[in-house]
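Single-letter residue listing:
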Amino acid sequence: MTDPGLYAALAAARHAAAGCSDKEEVSRDGKLRLYRYRSIAKPARAAPLLIVYALVNRPYMMDLQEDRSLIRGLLAQGLDVYLIDWGYPDGADRFTTIEDYLERFIQGCVDQILRTHGLENLNLLGVCQGGVLSLCYAALHPKRVRNLITMVTPVDFHTPADLLSKWVRKIDIAAWVGDGNVSGDTLNRLFLSLMPFRLTQQKYVELLRGPPEPKLVENFMRVEQWIFDSPDQAGAAFREFVTWFYQENRLALNRLNIAGREIRLETLKMPMLNLVGTRDHLVPPAASLALERLAGSGDFTALQLDLGHIGMYVSARAQREVPPAIAQWLLSR
Amino acid sequence: MSSDPWRQWQALLPLGAFGRGAAPSSGAPGAEVPGFAPFADSAERFAAAFHKFVAAARQRPSSPGDATAATEDAAAAAATAADSFGNFLREHFAGFFKLPGLFGPGMTASPGSAFTDGPALGLGREQLLRAQRAAEAWNRVVQAQARLQRMLADTLREAATAFGSKLPQASIDLPTTETINRMYDRWIDCAEEAYARTAHREDFCDALSEYVNAGSHWRRESAAGLEELVKLWDLPTRGEINTLTLRIRELEAELLARKRQPEASPSPARSAKSPRSPGPAKRARSAEPLAVGKPKRPAKRRSTRQGHTS
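Chains as they are written, first to last, in my numbering: chain A, 1 to 333; chain B, 334 to 643.
A few of these clues could be false.
[To be verified] In the DSS-like style, the derived pairs of lysine-lysine whose C-alpha atoms are separated by at most 30 Å in a straight line are:
id	chain 1	residue 1	chain 2	residue 2
1	A	Lys203	B	Lys431
2	B	Lys431	A	Lys170
3	B	Lys592	A	Lys23
4	B	Lys499	B	Lys385
5	B	Lys499	A	Lys203
6	A	Lys215	A	Lys23
7	A	Lys215	A	Lys203
8	A	Lys42	A	Lys143
9	A	Lys31	B	Lys592
10	B	Lys431	A	Lys166
11	B	Lys385	A	Lys203
12	B	Lys592	A	Lys143
[Stated by the list, open to error] Incomplete in silico selection of chain B near chain A, CB under 8 Å:
id	residue
13	Tyr528
14	Asn575
15	Leu589
FYI, nobody ran anything at the bench for these hints, they're computed from the structure.
Note that the structure is predicted; figures quoted are calculated from it, not measured.
C-beta: ideal position from N, C-alpha, C; glycine also.
Work the whole structure out from these sequences, hints included.
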């Protein structure tokens with residue numbers, strides 16, 4: 001390894017942009033954009049799949065690059081894929097609530113897709129925090145969700161291994177958020193603090209070990225971009241999310257009430273597929289596996305993969321296994 | 334990989350220099366890798382510690398066949414390793430819990446001073462009270478930060494001891510690139526394991542929440558003071574903008590409700606024309622309305638565990 005070689009590779013990769021699949025914007029609401037991806041394979045006979053990504057990171061991680069794209073994998077299986085891009089909330093969004101995200105934004109996207117296809121329901125895929133939103137949406141609008149897929153999604157927020165949950169339980173969230181938004185940088189600092197030596201030291205040193213292979217360096221830089229391209233969080237929704245889920249564990253305890261209606265996981269009767277990363281440091285497996293115990297679905301599949309949180313959608317192994325697993329599961333229903 | 338075990342680590346040094354502002358000899362003009370300096374520094378410190386450890390181990394006389402002496406040798410080696418590796422991450426993370434550079438000394442006030450404890454009277458009463466509350470909150474931030482930093486230092490000392498006890502004496506006699514890499518990974522593992530134990534502890538959670546809560550209170554008092562200043566110049570305050578934002582929200586909600594109202598009454602849009610796929614190829618069936626019904630298979634619950642590697 002030579003340092004100028006690595007330096008040149010890093011410099012060349014500075015502008016490596018994430019996102020590889022063709023898509024078109026089909027609707028917008030405020031900062032939200034709903035995208036539909038262009039098909040690349042013979043269409044499968046399945047309802048459209050709407051991906052609801054987390055609010056805390058940008059959704060292009062789902063389509064990072066050609067060989068690291070969950071979306072591309074799903075398209076290759078013939079699925080018709082839609083994705084919600086939440087945009088970057090600013091000061092004008094500080095009062096946006098979880099109810100807004102569910103009843104205005106997700107509902108608006110679902111309406112749009114159902115209207116377009118002349119359908120009564122669609123398939124929903126929620127990722128991480130987006131999985132929590134998807135569970136809530138499905139509980140509020142069960143007739144609109146044909147099949148529900150959750151990926152690295154926390155459900156029981158009080159499992160022993162959940163460090164993030166332990167940390168925030170005594171934090172005065174109302175005082176922290178105030179009337180403002182929560183900066184993405186602050187959240188990044190928090191996430192890095194979960195494994196500071198690995199995430200702020202080792203991964204960079206690892207980069208120096210092999211030859212400066214441009215493709216690997218570009219891959220590294222795209223993930224790096226995604227990690228630190230963190231939108232600020234709409235204050236009200238963030239306050240609600242941390243209080244209701246992390247501090248009070250309302251979802252698992254069936255004490256959640258949104259839009260004046262109870263959210264009870266036992267009312268979820270649609271087929272459900274839960275994808276769990278057994279090495280997930282952000283969402284401990286137990287936090288996610290609790291869904292099987294709590295959901296009312298008689299057709300529930302839990303799939304545990306020996307992957308981490310991010311590895312679930314960008315690792316080479318995930319590319320081979322996750323899209324086919326999702327497609328096969330969907331097509332058999 | 335280089336056959337010279339030190340070369341790879343030494344290669345980091347120029348990158349560290351780039352990070353400190355020196356221009357690279359190759360690469361894009363004016364380009365720098367500022368973010369790389371701390372990592373290069375970390376690796377370089379580790380390599381130096383490892384080098385020191387190996388040198389010390391080689392100087393120790395071996396005692397073949399003497400179990401007691403061998404145990405003492407191992408203990409001495411572990412102590413040397415703990416000493417060698419105990420500092421570099423601790424120094425590296427010395428400011429881990431500090432607030433960003435905007436905040437710093439000068440914001441604290443000694444408890445018992447006239448400023449913090451003095452009576453608030455007359456026209457400036459509210460302002461002084463606010464300033465006192467802000468100063469008190471800041472003192473709490475500093476104290477919590479110091480507690481966290483102490484815990485982190487103890488954690489890294491613990492990690493260094495664990496690392497020292499795990500060092501294989503055989504492999505360090507002939508260090509290779511792989512050995513150094515493996516040792517580095519093991520050191521990080523030890524640090525993360527020790528940190529995880531600390532981070533799950535109640536006293537750590539208490540200190541962290543105190544740090545955040547005190548910071549929130551300081552920010553609230555400081556912001557209130559700024560709002561007062563802004564009013565002096567008749568500039569819009571955050572409070573006024575918030576009021577307007579809330580009014581706009583109400584209007585938006587009303588508009589959305591009206592927009593959705595007509596959609597709620599008629600039957601579902603099943604007759605809507607099937608859309609054209611945005612894809613280049615024509616799609617045959619995906620856009621057709623799909624039947625809604627029960628699962629094709631009987632009710633089932635299935636858990637699968639897959640995978641060995643990632």
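Which numbered hints are broken by the structure, listed smallest first?
none
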